[in-house]
Amino acid sequence: MFASVVIPTYNRRPILEKCLSALEIQAYGSELDGYEVVVVDDGSTDGTPEWLRENTSRFPHVRLLEQEHGGPAKGRNYGVENSLGDVIVFIDSDLVVTKTFLAAHFCSLRTSWERRGNRNCFTYGSVINTANFEDPTSERYKVQDLSWAYFATGNVAIDKQLLCDSGLFDLSFCLYGWEDLELGERLRQMGVALIRCPEAIGYHWHPPLKLENIPDLIRVEKERAKMGLVFYRKHPTNRVRFIIQFTWLHLLLWELLTVGGMINERSLRPLLAWLIRNGWPGLAMELLRLPLNRIGVRALFREAYEGGRF
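321 is the number that this note's numbering gives the last residue of the sequence shown; the numbers go up by one with no jumps.
Worth flagging that the hints you see were computed from the coordinates, not collected in a lab.
Honestly, I wouldn't trust all of these hints.
[Stated by the list, open to error] Simulated crosslink set (EDC-like; lysine to aspartate or glutamate; CA at most 20 Å straight-line):
| # | residue 1 | residue 2 |
| --- | --- | --- |
| 1 | LYS233 | GLU266 |
| 2 | LYS171 | ASP97 |
| 3 | LYS153 | GLU210 |
| 4 | LYS237 | GLU196 |
[Stated by the list, open to error] Have a look at the derived ranges for each label pair, beta carbon to beta carbon:
| # | residue 1 | residue 2 | range |
| --- | --- | --- | --- |
| 5 | ASP227 | LEU294 | 14 to 24 Å |
| 6 | ASP57 | GLY202 | 37 to 47 Å |
| 7 | ASN129 | ARG277 | 50 to 60 Å |
| 8 | LEU179 | LEU205 | 16 to 26 Å |
Cβ coordinates follow ideal geometry from the N, Cα and C atoms, glycine included.
Using the sequences and the hints, build the whole thing.
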């Protein structure tokens, strides 16, 4: 087997360097015939393409592709369409993997293929979230790292032909969110099995919360709401409604937990500032998720009403 690791990136040069450095030291033995790393730059303005061209000797596995800014769905499709491998591995450009990452994925894939007698499956690795930029792999696994997502492109490996048969990513998802889980719904309908592969570990770096980042986090929630409706209109099922939180239960839940919006990004600001100042940005982010979830769910319902969904 030959693997193509497809990574869309946009203005993430510092963490991308750690991501690519980890991929250059993979110990894969007989599990693979070789691999490439297809980096699709999505119109970065931070000098990412120039930096990669200047450092080709550091990253001999990397092939650089460039596109105008169009989002991760477009970037992943472009990477797959120009890949050389018979198996595709998707990771994000802020993921730092362990030395045995590829070997773990491909050992699990090969075993599953042999047992099933076909390639109608994909492997899903572990993602550990961390704010430690200097040493991301030192982070321990936490309860909040557990994910029930079916096909999250932060850490999956799948047969290329199977992926192409699914139709790849839908370019209707032009803003933030849901393009990978929507593809997952199509794979599920094709009877594709999820094979968990906890040994394929990636450390997902998130910068520590800063107060000046809050408006951008709110923007992302509103974009997710718009894309959530695109997801639901393609797959109008109760399962998708729960995935995107498009239910009255979720609306009531976040209204209750924020006391009808009294707990919001403004009222929390002094507490968030104190937590950040005292070295607890992670706890500050968890508190901020309360109003962010309310903002996202309310935006989802508002988009639905304005779009004539109800």
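Hint check:
1. LYS233 to GLU266: holds (17 Å)
2. LYS171 to ASP97: Answer holds: LYS171 to ASP97 is near 5 Å, not above 20 Å.
3. LYS153 to GLU210: Roughly 15 Å between the alpha carbons, so the hint for LYS153 and GLU210 holds.
4. LYS237 to GLU196: The hint holds at about 18 Å.
5. ASP227 to LEU294: 14 to 24 Å: holds (20 Å)
6. ASP57 to GLY202: 37 to 47 Å: 42 Å Cβ-Cβ, so the 37 to 47 Å window holds.
7. ASN129 to ARG277: 50 to 60 Å: holds (54 Å)
8. LEU179 to LEU205: 16 to 26 Å: Cβ of LEU179 to Cβ of LEU205: about 18 Å, so the range 16 to 26 Å holds.
When the structure is compared with the earlier hints, no violation turns up for any of them.
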